[in-house]
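Chemist: Top line first, the protein sequences correspond to chains A and B. Residue 249 in my numbering sits at position 249 of the first sequence, and the numbers go up by one each step. Residue 163 in my numbering sits at position 163 of the second sequence, and the numbers go up by one each step.
Hints may be right or wrong, so weigh each one.
Which copy? The list can't say, so a pair holds if one copy fits it or any two copies do.
[What the hints assert, rightly or not] Result set (DSS-like, lysine-lysine): computed pairs, CA atoms no more than 25 Å apart in a straight line:
(1) 65 - 249
(2) 65 - 388
(3) 263 - 249
(4) 334 - 493
(5) 334 - 295
(6) 295 - 249
(7) 295 - 263
(8) 295 - 493
I should point out that these hints are in silico values taken from the structure, not numbers from a laboratory.
Protein chains: 2
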Amino acid sequence: MDVGLIGDVVLQNLRVQTPSLSLRVRLYLALRQAILDGGIRPGTRLPPSRRLAQELALGRNTVLKAYDQLMIEGYLEGRVGDGTYVCETLALGSVGSARGGKPAPAERPAELLSRRGTELSRLTGSSRVQHGAFMPGIPDVEHFPFQVWRRLLGKYIQPRQSHLLQYAVGGYGPLRAALAEYLRSSRMVSCDPRQILIFNGTHQALDLCARMLCDTGDRVWMEEPGYWGVRNVLRAAGLETVPIPLDDKGIAPTPDDWLDPPKLVFVSPSSQYPTGTVLALERRLELLEQARRHKAWIIEDDYDNELRYHGNPVASMFGLANAGRVIYLGTFSKVMFPGLRIAYLVVPPQLVDGFVVGNTELYREGRLTDQAALAEFIAEGHFSTHIKRMRGIYRERRDTLQDALEGRLGGAISRSGGHAGIHLLYHFNAAVDDARIAEQTLARGVVLRPLSVYYQRPELARPGINLGYASVPVPRIGPAVEVLTRVVEGQLKGG
Amino acid sequence: MDVGLIGDVVLQNLRVQTPSLSLRVRLYLALRQAILDGGIRPGTRLPPSRRLAQELALGRNTVLKAYDQLMIEGYLEGRVGDGTYVCETLALGSVGSARGGKPAPAERPAELLSRRGTELSRLTGSSRVQHGAFMPGIPDVEHFPFQVWRRLLGKYIQPRQSHLLQYAVGGYGPLRAALAEYLRSSRMVSCDPRQILIFNGTHQALDLCARMLCDTGDRVWMEEPGYWGVRNVLRAAGLETVPIPLDDKGIAPTPDDWLDPPKLVFVSPSSQYPTGTVLALERRLELLEQARRHKAWIIEDDYDNELRYHGNPVASMFGLANAGRVIYLGTFSKVMFPGLRIAYLVVPPQLVDGFVVGNTELYREGRLTDQAALAEFIAEGHFSTHIKRMRGIYRERRDTLQDALEGRLGGAISRSGGHAGIHLLYHFNAAVDDARIAEQTLARGVVLRPLSVYYQRPELARPGINLGYASVPVPRIGPAVEVLTRVVEGQLKGG
Numbered sequence: 001m002d003v004g005l006i007g008d009v010v011l012q013n014l015r016v017q018t019p020s021l022s023l024r025v026r027l028y029l030a031l032r033q034a035i036l037d038g039g040i041r042p043g044t045r046l047p048p049s050r051r052l053a054q055e056l057a058l059g060r061n062t063v064l065k066a067y068d069q070l071m072i073e074g075y076l077e078g079r080v081g082d083g084t085y086v087c088e089t090l091a092l093g094s095v096g097s098a099r100g101g102k103p104a105p106a107e108r109p110a111e112l113l114s115r116r117g118t119e120l121s122r123l124t125g126s127s128r129v130q131h132g133a134f135m136p137g138i139p140d141v142e143h144f145p146f147q148v149w150r151r152l153l154g155k156y157i158q159p160r161q162s163h164l165l166q167y168a169v170g171g172y173g174p175l176r177a178a179l180a181e182y183l184r185s186s187r188m189v190s191c192d193p194r195q196i197l198i199f200n201g202t203h204q205a206l207d208l209c210a211r212m213l214c215d216t217g218d219r220v221w222m223e224e225p226g227y228w229g230v231r232n233v234l235r236a237a238g239l240e241t242v243p244i245p246l247d248d249k250g251i252a253p254t255p256d257d258w259l260d261p262p263k264l265v266f267v268s269p270s271s272q273y274p275t276g277t278v279l280a281l282e283r284r285l286e287l288l289e290q291a292r293r294h295k296a297w298i299i300e301d302d303y304d305n306e307l308r309y310h311g312n313p314v315a316s317m318f319g320l321a322n323a324g325r326v327i328y329l330g331t332f333s334k335v336m337f338p339g340l341r342i343a344y345l346v347v348p349p350q351l352v353d354g355f356v357v358g359n360t361e362l363y364r365e366g367r368l369t370d371q372a373a374l375a376e377f378i379a380e381g382h383f384s385t386h387i388k389r390m391r392g393i394y395r396e397r398r399d400t401l402q403d404a405l406e407g408r409l410g411g412a413i414s415r416s417g418g419h420a421g422i423h424l425l426y427h428f429n430a431a432v433d434d435a436r437i438a439e440q441t442l443a444r445g446v447v448l449r450p451l452s453v454y455y456q457r458p459e460l461a462r463p464g465i466n467l468g469y470a471s472v473p474v475p476r477i478g479p480a481v482e483v484l485t486r487v488v489e490g491q492l493k494g495g
Numbered sequence: 001m002d003v004g005l006i007g008d009v010v011l012q013n014l015r016v017q018t019p020s021l022s023l024r025v026r027l028y029l030a031l032r033q034a035i036l037d038g039g040i041r042p043g044t045r046l047p048p049s050r051r052l053a054q055e056l057a058l059g060r061n062t063v064l065k066a067y068d069q070l071m072i073e074g075y076l077e078g079r080v081g082d083g084t085y086v087c088e089t090l091a092l093g094s095v096g097s098a099r100g101g102k103p104a105p106a107e108r109p110a111e112l113l114s115r116r117g118t119e120l121s122r123l124t125g126s127s128r129v130q131h132g133a134f135m136p137g138i139p140d141v142e143h144f145p146f147q148v149w150r151r152l153l154g155k156y157i158q159p160r161q162s163h164l165l166q167y168a169v170g171g172y173g174p175l176r177a178a179l180a181e182y183l184r185s186s187r188m189v190s191c192d193p194r195q196i197l198i199f200n201g202t203h204q205a206l207d208l209c210a211r212m213l214c215d216t217g218d219r220v221w222m223e224e225p226g227y228w229g230v231r232n233v234l235r236a237a238g239l240e241t242v243p244i245p246l247d248d249k250g251i252a253p254t255p256d257d258w259l260d261p262p263k264l265v266f267v268s269p270s271s272q273y274p275t276g277t278v279l280a281l282e283r284r285l286e287l288l289e290q291a292r293r294h295k296a297w298i299i300e301d302d303y304d305n306e307l308r309y310h311g312n313p314v315a316s317m318f319g320l321a322n323a324g325r326v327i328y329l330g331t332f333s334k335v336m337f338p339g340l341r342i343a344y345l346v347v348p349p350q351l352v353d354g355f356v357v358g359n360t361e362l363y364r365e366g367r368l369t370d371q372a373a374l375a376e377f378i379a380e381g382h383f384s385t386h387i388k389r390m391r392g393i394y395r396e397r398r399d400t401l402q403d404a405l406e407g408r409l410g411g412a413i414s415r416s417g418g419h420a421g422i423h424l425l426y427h428f429n430a431a432v433d434d435a436r437i438a439e440q441t442l443a444r445g446v447v448l449r450p451l452s453v454y455y456q457r458p459e460l461a462r463p464g465i466n467l468g469y470a471s472v473p474v475p476r477i478g479p480a481v482e483v484l485t486r487v488v489e490g491q492l493k494g495g
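Given the sequences, and given the hints that come with them, work out the whole structure.
Modeler: Structure below.
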């Protein structure tokens, strides 16, 4: 190829490069593309840098640097006394043709992803709409004490605290100590701080439990209905999730169920999500006894316990099962803010060592500055002040929603639970399609979750709606209830 | 039981309660314990609150509140006109005996944990000692621009930025845009910001790839030797990791290997960890072609590319494989700080939707304030300033270590790679036990990693040592090299 022909090929490729890149980089990319797509073939002798520079009206240095880079990367080779060649040995294959502009034929997701990946990619648990009336699971963050949090974080982002920027093992000591004290005084959980492990959210904590305690194909019992997020995490860890229906005393496994015992039972005893049912003492004792007998583990999700509006809180199962088979799960997502991504497990002493190693190896830990700020936030009393304040705000929003909705739809719906948390769950007294109601309200700007999505066997689901009120200021509740009421009434009339 | 006997049992239990708890809580716990361990049996009628209060010399209100709580939780029941009874129906079983102080017989870890949990709990990849000369993988954090970082974080922890405290989907837009620009200009990675997904560290990013792209039992090829962390994550996701030996051109699969193609290939082409080998162009092209042919995926770990001491950086494989089967993996752990826990994937367009859903469902995302601060840190130029500065500091430490060690042990060792990153790898020219050398230096206060731990088949390992110098100030390098030299010389003499 003569210099003119090579110059043409390169110029053509130069035109399509991103203009903001340096000339050297653009020339490198243009030459590389010409080699990869066969415009300049293996074995071709390139013109000397000075000649190509003239041809392209570029500085010689620019060409030299592009040649150098291509030499380093193996596209070109220098032959002593004989100039620069495109390597003979380049096996271009598909790369060349891909660069030639012909896109590969589109593959369908099922061809691209694994079976479990395909299943994961089809999940729709976490809605794309994450705000507004009545998105469940979203706390109010407008009233968060930003200034205090900024001050505490700033205190630990300091040269003399530089060790907090490194990797961590097992979490920040003072946070674990503050948590141990908090759990002891408010949740009847008595533990050594070393039993507390810090995670980036409850999903990660559950994932560790699933992998440390269960192998692929092991069975996990879950409350039906229950939190879809847990189901997804456990399934993605290869476990079979078995739905165990609830009655008014909570999860109600039959003697037959116990003939085929699970490896793990996931429960939310203090306030079942989403029904708000409190697990009765006899059920708790039975679960503990059967878990001991069958060497099963119980994960106690103590969701919502901090935000209780009436009635005394019920003591934790962990506190009942001294050194037993209960793992306690807590999170700061609802009482601090979701984006914080700090959750924790309290594990029995015999699991501590294994879990610490597994946690470190699987996830590598860090984020000690956040943990230090949180420890001080708790120790200084900001945590309990903030919870108390939010409880008042949430209670007002909750009461407003309850009064408005029950005032309008009283005969058609029945409230379930509602003594704690940041949502209200209503069953419909007649047969309606709750998913259709959710679609119709969404089209009118009101988000809610149909109860059927919380079921593994939606065909057995009792229709209902889950309404999150925590992030909805009082004046916005009435209008949203009006929208919801009209949709529900339309459905009840067979619309 | 008469009131005196009940009073005695309760008093005895009261004495062992944590004194810092309120009297009401201690009395509740003492009564509960008495019921659970059979000190007060089901069906027992309790004395009226006034009588028990007298007996225990407590306020009547304290007793009433403890009774109330036990009633709520189902331990006690009121019979109309007939006082308060311990529930007849309580099936105490094991809980009672566990409370009675007899600890359950200790189970061995293998009985407690799953098979994969047991494997995880035995891993020792991430050392318990995470600092000092010559711990690999630990950057210097003393020189981090704390003030700038504090200012940027503080800017986003504000009421008007409260939306950053909520859950996230797909990561913070401006960070993904800043990364796209950075990757384009410095790594020849051309992508749309939507192709970039943000993770809590590389382990989580790898975990998502493993689950979205592979099913249990699928094969992954890894460089041998290679980073143990990847191996652990992929194995914990149920994959079979197949070690493919390196030669001086990088990972070197044979034609026979390709008869049994993998689902995923994990490579670090720009600077293989830990050997520093650069993957040759012909190998890159061959990998890309075979991946296309066998519908395999390539994960390109671009570890260390920012910290390069001589030679031009080699362009990424992602940039070569337009819309192909390469997934690019990057992290801020070494160039910012490990505890930050922010890493990212750049995925081909056809994987974006599935990965975003999978990521959200599996891990729930948040931490937008950190991501916003990082985006601005990059956009304001602090990132490149910091890297330039650290490159100078690291180069001096690297050169000091290299000169000292090669001056003392020159004939016994051979350096591998070392053009980039924060570690130096040396092979031994004679047969020695590198694990034993690591043990002996550790006993003398010097941490290092034997090369054998990076092998899946340690029996085929060439002995060597991996030395991290990044967090070791220059004056400390000489003394640590002396310790190391004496240990190695002792070993070479057959000690």
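Chemist: Please go over all the hints and tell whether each is borne out by the structure.
Modeler: For each hint, the structure was consulted:
no., hint, verdict
1, 65 - 249, "between (76 Å within a copy, 23 Å between copies)"
2, 65 - 388, "between (65 Å within a copy, 21 Å between copies)"
3, 263 - 249, "within (22 Å within a copy, 48 Å between copies)"
4, 334 - 493, "neither (37 Å within a copy, 62 Å between copies)"
5, 334 - 295, "neither (32 Å within a copy, 43 Å between copies)"
6, 295 - 249, "within (24 Å within a copy, 52 Å between copies)"
7, 295 - 263, "within (7 Å within a copy, 36 Å between copies)"
8, 295 - 493, "neither (51 Å within a copy, 53 Å between copies)"
Taken one by one, the earlier hints fail for this structure at numbers 4, 5, 8, listed in ascending order.
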